[in-house]
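2 protein chains.
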Amino acid sequence: MDSIPMILGFVGLATAFFIYRVVLRYPAGEGKIVEISGAIHDGAMTFMRREYTILFLFAFAITIAIWFSDLGWHTAFAFVVGAVCSSAAGYIGMYTATNANVRTTVAAHQAGADAALGVAFFGGSIMGLTVAAMGLLGLGLLYLMFGQDPHTAHIIHGFGMGASTVALFSRVGGGIYTKSADVAADLVGKVEAGIPEDDPRNPGVIADNVGDNVGDVAGMGSDIFESYCGSIIATIAIASTLSPAIIATLGEQQNLMFLPLALASAGILCSMFGIWLVKAFARKSPQVALRIGTFSAAVIFIVAAYFVIATLGINTNVWFAVLSGAVGGIIIGLVTEYYTSGSPIRKIARGGETGPATVMILGLATGMQSVVVPVLSLAAIIFLANITADLYGVGIAAVGMLATVGITMAIDAYGPVADNAGGIAEMGELGEETRRITDTLDEVGNTTAAIGKGFAIGAAGLAALAIITAYLAAVAENYEQGIALNLNDPEVLMGMFIGAIFPFLVSALTMTAVGDAAFEMIKEIRRQFREIPGLLEGKAKPDTTRTVDIATKAALMRMVAPGALAVISPVIVGFVLGPKTLGGMLGGALLGCVLMALTMANAGGAWDNAKKYVEQGNLGGKGSETHKAAVVGDTVGDPFKDTSGPSMNILINVMAIVSLVIAPML
Amino acid sequence: MDSIPMILGFVGLATAFFIYRVVLRYPAGEGKIVEISGAIHDGAMTFMRREYTILFLFAFAITIAIWFSDLGWHTAFAFVVGAVCSSAAGYIGMYTATNANVRTTVAAHQAGADAALGVAFFGGSIMGLTVAAMGLLGLGLLYLMFGQDPHTAHIIHGFGMGASTVALFSRVGGGIYTKSADVAADLVGKVEAGIPEDDPRNPGVIADNVGDNVGDVAGMGSDIFESYCGSIIATIAIASTLSPAIIATLGEQQNLMFLPLALASAGILCSMFGIWLVKAFARKSPQVALRIGTFSAAVIFIVAAYFVIATLGINTNVWFAVLSGAVGGIIIGLVTEYYTSGSPIRKIARGGETGPATVMILGLATGMQSVVVPVLSLAAIIFLANITADLYGVGIAAVGMLATVGITMAIDAYGPVADNAGGIAEMGELGEETRRITDTLDEVGNTTAAIGKGFAIGAAGLAALAIITAYLAAVAENYEQGIALNLNDPEVLMGMFIGAIFPFLVSALTMTAVGDAAFEMIKEIRRQFREIPGLLEGKAKPDTTRTVDIATKAALMRMVAPGALAVISPVIVGFVLGPKTLGGMLGGALLGCVLMALTMANAGGAWDNAKKYVEQGNLGGKGSETHKAAVVGDTVGDPFKDTSGPSMNILINVMAIVSLVIAPML
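As you go down the protein sequences, you meet chains A and B in turn.
In this text, residue positions in the first sequence follow numbering that gives the first Met the number 0: the first is 0, and each later residue adds one.
In this text, residue positions in the second sequence follow numbering that gives the first Met the number 0: the first is 0, and each later residue adds one.
Rather than coming from a laboratory, the hints here were simulated on the basis of the structure.
Glycine residues also receive a C-beta, built at the ideal position from the N, C-alpha and C atoms.
Be careful, since some hints might not be right.
Calculated cross-link-like contacts (lysine to any residue; reagent style SDA-like; alpha-carbon spacing at most 20 Å) [unchecked claim]: (1) 522/B - 352/A; (2) 627/B - 624/A; (3) 627/A - 627/B; (4) 189/B - 624/A; (5) 346/A - 515/B; (6) 627/B - 352/A; (7) 627/A - 626/B; (8) 189/B - 352/A; (9) 346/A - 614/A; (10) 627/A - 352/B; (11) 346/A - 522/B.
Some, not all, of what chain B presents toward chain A, calculated at C-beta under 7 Å [stated by the list, open to error]: (12) 356; (13) 370; (14) 385; (15) 483; (16) 484; (17) 489; (18) 492; (19) 496; (20) 511; (21) 631; (22) 634.
Generate coordinates for the entire structure from the input sequences, incorporating the hints supplied.
Put into C-alpha cells, the structure is as follows:
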C-alpha cells in the first residue's frame with residue numbers, strides 16, 4: 000500500500016502526457032501565427048534555461064552545505080530530488096502551455112468557443128496534473144526510502160527545501176519578468192504610441208506574452224507545488240513527533256504518517272475526474288464547466304477522504320480537519336472573488352471621477368478590508384482542526400485544502416493560456432470573431448485567476464503554519480524538557496519583530512525591482528520606435544529578442560537578493576540567536592506574509608477589474624479622465640498582485656522549511 | 000518621597016500656566032487677523048465640545064460597566080481620573096495653541112523670526128508640559144492611594160484605560176477631521192478654482208486650519224499622553240507581579256514600583272530645562288535651537304536616571320534599560336527623518352516623470368522599507384532591556400523613551416502652531432516677508448513632525464509591549480501554575496491571526512472615512528463657489544461655519560465604529576475565547592500596528608516632501624506633469640500619515656490596556 004502514492008504519481012504523469020498528445024493533435028496554425036507563437040515559446044524557454052542555470056549554482060551550493068553539515072547526504076539527496084521535481088514540473092508546464100496557446104487561437108478561429116475552451120483547459124490541466132504527480136512521485140519515493148521510520152522521516156524535509164528554493168526563484172523572477180514587460184509594453188505602446196494592446200508593432204509585446212507564461216504558469220505552478228509538498232511533509236513531520244497520548248487517541252503512528260500521502264493520492268484521482276467533467280461540460284458556458292469541475296472534485300474528495308481515514312484505522316474525527324481545510328479553501332477563494340468584482344470594484348471605478356488619488360485610497364482600503372474573512376477562516380480552521388486532532392489536525396487541514404491541486408492548478412494555468420491565445424489572435428490579425436471568443440475565455444480566466452490567487456495564499460499560509468508547527472516539534476525533541484515558545488519570552492518577542500520585517504522588506508525590494516526593470520524596458524521600446532524606420536507604420540519589424548533579453552536579465556538579477564535573504568536569514572537567526580528567536584521570527588513572518596499577500600493580491604485584482612469595468616463603457620469609458628485614473632490604479636496593482644503579493648507565499652514557506660531542515664542541529 | 004511625582008505635576012502645570020501668561024502678553028493683532036484666528040479658535044473649541052459630549056456618553060457607559068463588574072468602584076474611579084486628565088490635557092493644549100498661532104503671525108510681522116519662533120514654541124511647550132504634568136498629577140495621586148501595595152496596584156490600570164479611550168476618539172476623530180478638510184480644501188480650491196492655499200475666499204480654509212489643531216495638537220497630544228501613562232502603568236504592574244528571585248537581584252519591590260514615576264519626575268524637570276534652552280538659543284536658526292533643546296534634555300535625563308536608580312537602591316543594571324529606550328527613541332526618530340527627506344524623496348519625485356503610478360509604487364516601497372531599522376531597534380531594545388532587568392526592563396525602556404515627553408511633545412505641537420500662523424498670515428494678507436518667516440518656521444516644523452511621528456510610533460509600540468507583558472503577568476496570577484502563551488498552542492495562534500486583522504481593518508475604515516467625509520466637503524465647497532455671488536472675486540464671504548460643521552459631524556460619526564471595535568473586541572475575545580487567545584490577539588495586533596503605522600507614516604511623509612521638493616522648482620516645478628503626479632502621492636499620503644497611521648498607535652494601546660484591566664476577571 001505504501002507505494003500507491005508513487006504509482007499514482009506515474010499515473011498522473013502518464014495522463015498528463017496523454018493529454019499533451021491530445022493537445023498536439025490540434026492544428027498549430029500557419030504563417031505569421033506560427034512565427035509569433037514560436038517567438039513566445041522560445042522566449043519562455045530561454046528564460047527558463049537561464050533561470051535554471053542560476054538556480055543550479057545556488058542549489059549546488061546548498062547541496063554541498065547540507066551534505067557536509069550534520070544533516071548528511073540523505074538530506075542533501077532529498078533536497079536535490081525536491082529541486083529536480085519542482086524544476087521539472089515548471090518546465091513541463093511551461094513547455095506545454097506555450098504549445099497550447101497557439102492551438103487555442105487556431106481552435107477559436109476554426110472550430111469555435113467550446114473547442115477553444117477544451118484546448119486551453121487541457122493546456123492548463125497538464126500543468127495541474129504534473130504538479131500533483133511530481134509531488135506524489137518524489138514524496139512517494141522518499142517516503143518509501145525514509146518515511147516509514149519516525150527517526151529518519153526528517154530527511155524528507157530536504158525535499159521541501161529543494162522545492163521551495165526553486166519556487167522562490169521562479170515566483171520572484173517570474174513575477175518581476177511578467178510585470179516589468181507588461182507595464183513597459185502598455186505604457187509606451189498604449190499610452191505613448193497610441194497602438195492597441197498586443198499590437199505586433201510593439202517591441203515589448205512578445206516579452207509581455209512570455210511574461211504571462213513565466214509568471215502565471217511556471218511561477219504559480221512552483222508556488223502551489225511548494226505549498227502542496229510542504230503541507231504533506233509538515234504533516235508527516237508532525238506525525239513523527241506526536242506524543243504517545245495523542246497517538247493513542249488518533250491511531251497508529253505509521254498510518255498517521257502515511258495519511259497525508261494517502262489523501263493526496265485520493266486527491267489526484269478526484270482531480271482527474273474533475274478535469275474530465277470540465278471537458279464533458281465544455282459546451283455549456285466556460286464559467287459553468289469550470290465550476291462544475293472544481294466543486295465536484297472537491298466534494299468527491301471530501302467523501303473519499305472519510306473512507307481513506309477509516310481504511311487506515313485512524314480516528315474519524317480527523318476527517319473534520321480535512322473538511323475544515325477543504326471548505327476553508329473554497330471560502331477564501333469566494334471572498335477573493337467578491338472583493339475583486341461586483342460592488343467593491345464599482346466603488347473604486349466611481350472614485351476615479353475625483354482622480355487617481357481616490358482610486359488609490361479606495362483600492363488600498365479594499366485590499367486591507369479583504370483580509371478579514373480569509374484570516375478569520377484560517378483562525379477557524381486552526382480551531383476546528385485542533386479540537387478534532389490536535390496540531391496534527393492543522394497539517395491535515397492544509398493537506399485537505401491542497402489535495403485537489405490537480406484541478407485547481409489546471410484552472411489557474413488555463414488563464415494565461417487563454418490570455419496568450421488572445422494575444423496571438425491580435426498579433427496574427429485573425430479577425431474580430433476569433434478575438435471575441437478568446438476574450439470570453441480570458442475574462443473567465445481572470446475570475447478564476449483571482450480565486451486561484453486567494454486559494455494559493457490561504458494554502459500557503461496553512462502549509463507554512465503546519466511547517467512551523469513541525470519545526471517547533473522537531474526543535475523540542477532536541478531538549479530533554481521540550482522547549483516553550485512563550486509570547487512573553489523576550490527571545491521569542493524579538494524574533495517576532497524581526498520576522499515581521501521580512502514581508503515588508505521583500506515587498507519593497509520586489510516592487511522597486513519591477514519599477515526599475517520596467518524603466519529599462521521603456522527606454523529600449525522608445526529607442527526602437529525612434530530608431531527603426533517604418534516600425535510604427537507596420538513596414539518594419541521590431542527587435543523583440545532585445546526586449547525579451549532585457550526582461551530576462553533584469554528578472555534574474557533582481558531575484559537573487561530577496562531569494563538569498565529568505566534562505567539565509569533563518570540559518571543566521573537560528574544559529575546566532577537560537578531556536579526560540581527563530582520560532583518567533585517564523586510566527587511574525589507568517590502573520591505579515593499572509594496579511595500582506597491578501598492585501599496586495601486583492602487590491603491589485605480590484606484595481607485591474609475596476610479599470611476593465613470602465614473600459615466596458617461605464618463612467619465615460621475608455622479615454623475618459625476616469626479611465627486614466629483607473630489605469631493608474633491598475634499599474635500600481637500589477638506588481639502588487641503578480642510580483643510582491645505572490646512572493647509572500649513563498650517567502651514564508653522557504654523560511655519555514657529551511658528552519659525545519661536545520662532544526663535537528665539547533 | 001512618594002508624593003514628589005504629584006508635586007512635580009503641579010509644578011509642571013504651574014510652569015505651563017506661567018508660559019501661557021507670557022504668550023498672552025504678545026499682541027494678538029487686530030481687524031481681519033483677529034476675526035480669522037477667532038474663527039479657527041471657535042471651530043476647534045466647538046469640535047472639542049461636541050467630541051467630548053460623545054466621549055462623555057461612551058465613558059459614562061464604561062464607568063458603569065466597570066463599577067458593576069468584579070473590578071468595582073476603585074477601578075471605575077481610576078478610569079474617570081484617566082479620562083479627565085487626558086481630556087484636560089487635550090483641551091488646554093488646543094485652547095492655548097489656538098491662541099498662540101495668531102500671536103506667532105503678529106510676532107513674525109512686527110518683531111521678526113526669533114520672536115515668532117519663541118511664541119510658536121511656547122505655544123507648543125504648554126501642550127508638552129501639560130501632557131507630562133497631567134500624567135504625573137493623575138498617576139501620582141493614584142499611586143498614593145493604591146500604588147504602594149502590590150495587591151491594589153492593579154486599580155491604576157483603570158487610569159490607563161480612561162486615557163486610552165479619550166486618546167482613541169481624539170486621534171481617530173481628529174485624524175478624520177483634519178484630512179477630510181485638508182483634502183477637500185486643496186482639491187476644490189487649489190486644483191479646481193485655481194486659488195492659492197489658505198486663500199480666504201476658500202470656504203474650506205477655516206476647517207482646514209481647525210483641522211491642524213484638532214488632529215496635530217489635540218490628537219497627537221492624547222496619543223503621546225496615552226503612551227506616556229501606559230508605559231508608567233505597565234511598569235508598575237510588571238513590578239507588582241515580579242517573582243521573588245528577580246526582586247532579589249533588582250532591589251526592593253516598593254522601589255521598583257515607584258521607579259517609573261521617579262524617572263518621569265526627573266524627565267519633566269529635564270524637559271523644562273530643554274524648553275528654556277530652546278528659548279535661549281532662539282536667535283540661532285530654529286532648527287539648531289530645537290535640536291539643542293531636545294538632545295540636551297535627553298542627555299541630562301539619561302545621566303539623571305542613573306542617580307535616581309542608585310538613590311532608590313535599585314540594581315544599576317536597570318539603567319541600561321533606560322539608556323536603550325532613550326537612545327532607541329532617538330534612532331527611530333532619525334530613521335524617520337531619513338526616509339522622509341533626502342535621497343528617498345528625490346527618487347519618488349523623479350518617479351513622477353513617468354506618472355502618478357510610479358510615484359505610488361516608489362512611495363509605498365519607501366514606506367515598507369522604512370520599517371527595517373525601527374523594528375530592529377525595538378528588537379534590540381527588548382533584547383538589551385531584558386538581559387539587564389528581565390521583562391521589567393522592557394517597561395523601564397518604554398519609560399526611558401517617553402520620560403522627556405515634555406519637550407518632544409512641545410516640539411511636535413510647535414509644528415501646527417507655526418503652520419496655522421502661516422495660514423493666518425496668508426488669509427490676513429500680511430505680505431511676503433511675514434509669510435517667508437512663517438514658512439521657515441513651518442518647514443522646520445514639518446521635519447520635527449516627521450521625527451515626532453516616528454518617535455510616537457516607537458513609543459506606542461514599546462508602551463503597548465509593556466502593557467501586554469503586564470497583562471500576561473496579571474493573567475498568570477489567576478492560575479496556580481501560571482499560564483503559558485506558547486506560539487504553537489492553537490488558542491494562541493488563533494488569537495494572533497485574529498489580532499493581526501485589526502490594524503488592516505481599522506486602516507481601511509479610517510481611510511474610507513476620510514474619503515467619504517472629504518467628498519461631502521467637496522460638494523459643499525463647490526456649492527458655495529457656485530451659489531454665493533461674488534465669492535471668487537473676493538466681494539462676498541464664504542460660509543465657513545457650514546464647512547466646519549460638516550467636517551465635525553463626519554469626524555464624530557466615523558470615529559465611533561473603529562473606536563468601539565478597539566474597546567469591545569478584547570472584552571469579547573477574552574471572555575468568550577479565553578485569556579490565551581486574547582494574549583495571542585494582542586501579540587498579532589502589536590506586530591501589525593507597529594509595521595502598518597511605520598509604513599503609512601513614512602510613505603505619507605515621503606510623498607508630502609516629494610511634492611514639496613517639486614514645488615521648490617525641481618523637475619519642472621509647480622504645474623508640471625511631474626508635479627501633478629507628486630500631488631496624487633501627497634493626497635494618498637494625507638490619510639496615510641495623519642489618520643490611519645496614527646490610529647494604529649492608539650489601537651494597540653487601547654486593546655492592550657482594556658485587556659490589562661479585565662485581566663483579574665479572566
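Violations among the numbered hints: Checked against the structure, no hint fails, so every one of them is satisfied.
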